[in-house]
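Which chain is which? The protein sequence lines are A and B, in order.
Residue 514 in the working numbering sits at position 495 of the first sequence, and the numbers go up by one each step.
Residue 203 in the working numbering sits at position 184 of the second sequence, and the numbers go up by one each step.
Warning: the hint list may mix true and false statements.
Identical copies carry no separate label here, and so any pair may be met within one copy or between two of them.
As the list claims (entries may be wrong) - With a Cα cut of at most 20 Å, we get these calculated EDC-like pairs of lysine to aspartate or glutamate: (1) K245 / D548; (2) K234 / E332; (3) K245 / D558; (4) K34 / E320; (5) K234 / D88; (6) K140 / D456; (7) K34 / D347; (8) K544 / E291; (9) K34 / D340; (10) K34 / D96; (11) K437 / E477; (12) K245 / E477; (13) K140 / D96; (14) K140 / D111; (15) K234 / D558.
In short, the hints are calculated from the structure, not lab data.
2 protein chains.
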Amino acid sequence: MTDVQNRWTTRRREKNRRMTGLALRSGSKIVDASGIDDVLSTLIQPGDRVSLEGDNQKQADFLAQALADADPERLHDLHLLISSVSLPAHLDVFERGIATRLDLAFAGPQSLRLAQLVEDKVVTIGAIHTYVELYARMFVDLPPTVALLCAEAADEHGNLYTGPNTEDTPTIAEATAFHDGIVIVQVNRIMSELPRVDIPGDWVDVVVVSPRPYKLEPLFTRDPAKIGRVEILKAMLAIRGVYERHEVVSLNHGIGFDTAAIELILPTFGEELGLRGRIARNWVLNPHPTLIPAIESGWVESVHCFGGEPGMERYVAARPDVFFTGPDGSLRSNRVLAQLAGQYAIDMFIGSSLQIDGEGNSSTVTAGRLAGFGGAPNMGNDPHGRRHSSAAWLDLASGSGASRRGRKLVVQLVETFKAGGTPTFVDRLDAVDVGTDAGMPLPPVMIYGDDVSHIVTEEGVAYLYRANSLDERREAIAAVAGATPIGLRHDPRVTERLRRDGLVAFPEDLGVDVRRADRSLLAAKSVGDLVAWSGGLYDPPVRFRNF
Amino acid sequence: MTDVQNRWTTRRREKNRRMTGLALRSGSKIVDASGIDDVLSTLIQPGDRVSLEGDNQKQADFLAQALADADPERLHDLHLLISSVSLPAHLDVFERGIATRLDLAFAGPQSLRLAQLVEDKVVTIGAIHTYVELYARMFVDLPPTVALLCAEAADEHGNLYTGPNTEDTPTIAEATAFHDGIVIVQVNRIMSELPRVDIPGDWVDVVVVSPRPYKLEPLFTRDPAKIGRVEILKAMLAIRGVYERHEVVSLNHGIGFDTAAIELILPTFGEELGLRGRIARNWVLNPHPTLIPAIESGWVESVHCFGGEPGMERYVAARPDVFFTGPDGSLRSNRVLAQLAGQYAIDMFIGSSLQIDGEGNSSTVTAGRLAGFGGAPNMGNDPHGRRHSSAAWLDLASGSGASRRGRKLVVQLVETFKAGGTPTFVDRLDAVDVGTDAGMPLPPVMIYGDDVSHIVTEEGVAYLYRANSLDERREAIAAVAGATPIGLRHDPRVTERLRRDGLVAFPEDLGVDVRRADRSLLAAKSVGDLVAWSGGLYDPPVRFRNF
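If we strip away everything but chain A, and leave its shape as in the complex, we get (with noise of 0.2 Å):
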């Protein structure tokens, strides 16, 4: 090679180098797992970037605590890039000095721990993304040298079988092998021949069978049993005042009781208003337990997943027709395309948070924690450039000539206060305090207010997106935040003329009886009803079954 070409072609010969300092058995990708040590030490170099899977769901778990247990004087001053941390095992890597670097986008279990940390300097953190963000960067200005991701199954040739939770792994697996990085994959087990090929094995260069499966959590169940009335009677205002207003058709809900409260009334309080078929027909989510009974009763046209969900796995597979399926009969998500759906193709993110200020600003950070947001500030945002029309996006549209355009729904949907009495309405969100003591750029805000086009509350809906200047903004916010300060501040005269002009609309001007806002609509009340819904194809994780 001349030496032209070598100064192209630095990071080819270093993978090159590596890979023939490993000797793997000819003609096969595998390794056993106890040979684990063995592979990280003669792949990974001190200074290198590695991405360790640690996904909104699935963890590369026996890879990171593989990592954490590999010697510091080997191994040193890596730089990770993890968008969810949380295993133990994922801090450890830090104070172990084996890494001291840190990308990530979601640190919820580990947020209390990585705080400290970063306190202590054990951590640097470059910056918390979105998820999306932390995937772009890989092919911009943060690709990997080294990828430690997990799948359920590969063949000798690597080829990867990821099942439902495909998730961030093909994504990952791109950014790091079409830039001469390293791509190293914990497997539950090898097959000969797999369900299906999710990632082509010549993207893969060594698997490693893990003695345990990989981790795994239901993030997306919420058992029934635990929806009261004011989840209920905010369900209704939702679907009167928003869904059925708008026509809302395609949509993406968060994570949480509320939205879990309306896609369990669909069914009954939807029926009745006749609205099946005419609203919430194409959902971008993950396959949410307490969306059967709606899909059972022909609400559901389709879903596309960013993830899977623990226990969802035959019931997916037995309705292909809602569900994106592969040739093996089970879910194939993928984050990064359901981020572009919920981003461009959707008309509405409906979604909670802990706090909000009198601007609309919300936040789900609270004092002490390094947590981050994961996936919901690109589903919570207007796109704000040009894009295809729909009926609910023109139904908000506003500007004139060239200016004039539609809008994406981006709903917060709060009880005035939480648990405990802590009101959700605050004059300024512990988001500001967090972020100026953690020396952040900015303050960790979740959804601006500018992008929020409604509030609901048990007090009523608050139209945001019809306000023509911040103070009308703040007094439609006001009008909805009941008995806290922000309310409580609010001068009660103002609120007729916000309903005249279409800010503001409680129960009655809504249709909504507050009477009938109780469990009896619920169209499952238990994780037992949700089964049953199924015909027994749900099979509930252990910690769920209560009923």
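Since chain A is already given, all that's left is putting chain B on it; use the hints.
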């Protein structure tokens, strides 16, 4: 099968029924070109939604022609999804009555004829999308029944090799294959072993060997010989006034001579300023030949591509440290992932437009044409929701408290007049009337004024992101609009205030010596120079071999 099972498997059973009707040779997915008529008439049914691959660059032209040649008695009322309507056959299908409904993203070469067919009610348009919107809807409300795709090569099992122009094939294949649609692919050749697998064989139902290689246009090649003083002056202003000022590290360049000029003066003008390594390191764009000198001079750390570019294959393959390439050595592009990167992972989009109005709205649509914009609207907007920070993004920050946030740079680079003396700055975009005449719900604006952060003309730079009101934005635009009607109405006395407040900068404010703006600054002055810079690796298409 029980009735319950049947109710939820209509798509799968229908696919199986059609595939059984085709009777492929056992164990093979390959069909001879002569059998294409049988394939299409067996696998497609009247009323189907068919995704016909017409990407920005590559075209499934053999399949498009075969569809246009089908018997309208047998095949009719199809709903076509075509991202780029660019072949006569794409519209012949409608004229022959085989298809009636069209969802598209772009119709450059066929835009006049398309407008006529819509007027004649031969074509009914669903919506005009951006590329990724159309793909996103394939996972929501427009899943294809059948996809007609193209690839470089296939093996007996239907595994596909796309070569450098991966583009959109994996995305459309995923949307179709994983919702029980039928995937039919034309390939240039069959190989017993593929150089790499881009799409797994079990996503593919039928492979047809095309009698000729698929069509591919060199859309991103600009001849440096056609770059003049004005383009060079604008390039100097952009580099000093935007790239250097905001330290733009990651970026996308639109197509055109303006951005080509920037690419070509980085190694000369940019080098003098000591900017190498400080700006323009990470790129999201197709393999522009005019970027070769900057790459060879060590400016470019990485390039991720939407598609490929004819003639750039050997050069790209020889620069794997820079480009994303596969184990076979050749480029792997991917439009959806490059768009994702352009949306979420870069500091800046810079591109040109045909018309800009006084508020900064811009469009490339002109009278009588139903064009569309491909990917520009997605690159040319500020994603608007929460985003991770970069230095450039933060440099444009505004707001306070929870509302404070940065901004993606969206730069319009135009000459005040186009060839023939037509003004670029206009009181009213042609797009407004085109939209009305064509019965569009909104005018076909490409980039909205409130998303544009800067406008660069030969007069200077307007820093629109600093405008505190729509009036100030109008003034700043007018100040760089030269002798166009909008520029002439501008009160020159306002200009001094705008300069003082940093809303406008002229060449002298930016330290740009206008006299130096000549072709001697171009690192390459001809296509021949580009070939020389590439060390003979760049093979320009015939039409550019004029040096």
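Homo-oligomer pair classification [D96, K140; C-alpha up to 20 Å] = within (13 Å within a copy, 65 Å between copies)
Up to 20 Å between alpha-carbons, please classify K234 paired with D558: within, between, both or neither.
-> Result: close within a single copy only, 17 Å intra versus 50 Å inter.
Within a copy, between copies, both or neither: where do K34 and E320 come within 20 Å Cα-Cα?
-> Between copies only: 18 Å across, 46 Å inside.
Since the copies are identical, ignore which copy is meant and state whether K140 and D456 lie within 20 Å (CA to CA) inside a copy, between copies, both or neither.
-> within (14 Å within a copy, 62 Å between copies)
Between copies, within a copy, both or neither: which fits K34 and D347 at Cα up to 20 Å?
-> between (34 Å within a copy, 14 Å between copies)
Since the copies are identical, ignore which copy is meant and state whether K544 and E291 lie within 20 Å (CA to CA) inside a copy, between copies, both or neither.
-> For K544 and E291, the Cα distance is within 20 Å only inside one copy (19 Å; across copies 72 Å).
Can you give me the call for K234 and D88, within, between, both or neither, at a CA distance of at most 20 Å?
-> within (18 Å within a copy, 53 Å between copies)
Intra- versus inter-subunit Cα pairing at 20 Å for K245 with E477 = within (17 Å within a copy, 65 Å between copies)
How would you classify K34 and D96 at a CA-CA limit of 20 Å: within, between, both, or neither?
-> So K34 and D96 pass the 20 Å test inside one copy only (19 Å; across, 53 Å).
Measure nothing new, just compare the shortest in-copy and cross-copy C-alpha distances for K234 and E332 to 20 Å and report within, between, both or neither.
-> So K234 and E332 pass the 20 Å test inside one copy only (16 Å; across, 42 Å).
Please work out whether the CA atoms of K245 and D558 approach to 20 Å or closer within one copy, between two copies, in both situations, or in neither?
-> within (19 Å within a copy, 67 Å between copies)
Can you tell me if K34 and D340 fall within 20 Å by alpha carbon in one copy, between copies, both or neither?
-> Between copies, since 12 Å is at most 20 Å while 43 Å is not.
Violated hints for the displayed structure: none, as all numbered hints are satisfied.
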